[in-house]
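Novice: Start from the sequences, fold in the hints, and give me the full structure.
Protein chains: 2
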Amino acid sequence: MPYPYGETKTVILANGEFPAHPVALAILNNSKYLVCCDGAINNLAKTNLIPDAIVGDCDSLSEDSLSKFADIIHRISEQETNDLTKAVQFCIKQGKRNITILGATGKREDHTIANISLLCDYMKDADVEMVTDYGVFVAIDSDSIFESEVKQQVSLFSIDKMPLTSHNLAYPINNHVFTNWWQATLNECTDTEFTIETKGRAVVYRAF
Amino acid sequence: MPYPYGETKTVILANGEFPAHPVALAILNNSKYLVCCDGAINNLAKTNLIPDAIVGDCDSLSEDSLSKFADIIHRISEQETNDLTKAVQFCIKQGKRNITILGATGKREDHTIANISLLCDYMKDADVEMVTDYGVFVAIDSDSIFESEVKQQVSLFSIDKMPLTSHNLAYPINNHVFTNWWQATLNECTDTEFTIETKGRAVVYRAF
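Chains as they are written, first to last, in my numbering: chain A, 1 to 208; chain B, 1 to 208.
All the given hints hold, so there is nothing to weed out.
Identical copies go unnamed one by one, so any copy, or any two together, can satisfy a pair.
Derived DMTMM-like pairs (lysine to aspartate or glutamate); straight-line CA-CA distance at most 20 angstroms: (1) Lys107 x Glu17; (2) Lys151 x Asp59; (3) Lys32 x Asp71; (4) Lys107 x Glu129; (5) Lys107 x Glu188; (6) Lys151 x Asp57.
Don't read these hints as lab results, they were simulated from the structure.
Specialist: Below, the structure written as structure tokens:
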């Protein structure tokens, strides 16, 4: 896996489990622009990191946090999108189009699934990946090559019912349409890169 | 939520995060028939619980475990299904049709998503629910009533692109077809029960 990154990133810290894996922590500690979903500020406060912005409806922020971070709080109250989407939209408005999301999984599973799935929305406007304590998620909607390691565990989530073809995966996929989106999980890379060919949306997961 | 259960259950302990929530632990400690996915035996060994069966390909079991549990190990080596599905199929063969799955989330997110999604397969043959540290998942394919609490957080995952209608949810769903399966998440119950009407498959999640 191509870590650590060669370039610095915009990082969004979401309100799931605070990152514990060294890769995720390295990304967090080396961010150049750090946006914190409002509920995540309590965990961030345990570190030495200061966010550049706090985004969300901010209903759950303590009086202390509201006062301490007044200059960087961006309150967005609408209920149609979740905090993570508000943070991504905020970053895009700031011209940040190369974003790594951390802390978006590991607590309520419905939040985990929604956050992972939303990568398919975000890819229209920015280059977004999600790094968890267990691996990396990226959404695609066209042919894509991924750096990998031999025997790296790979899962695909086919969102649209469109044909998928793989190269360099242990269980090859040959122009197959998956009727359920989880049915392309638990594969394995056989080389130092693999390719997914598709015209539909898919989420690609490489486990650490 | 109708816990603790009025009737005892068959429990499957999967190989995700070991249960920590009191509801999940109460179900584990009160099981009448406990099946352990092979990788979960190491965590179970830290408790006083003895499983009735250990199911899986058993490749990862230590020599010590293989010897200690020889009488209850049911080795199923085929690669087409994951350990959780092997455990469910084993239970059904034993005539157990009222099953609670624990420990199926909380580690690799692709496993979490696959395990939740597989509830849609299991419902054909048994009454299966999944209890995590954050809530309860149940799969449905027909009109269903759920006991709940006022303001309980509810998420729906629409698997088939079939109309869904809700009663007693804060954001009502009226004969709507969700084009993406995560788009009915983050709702809330407004009464002590709610109803989902559908002819398609859906997974219903009630957060604790």
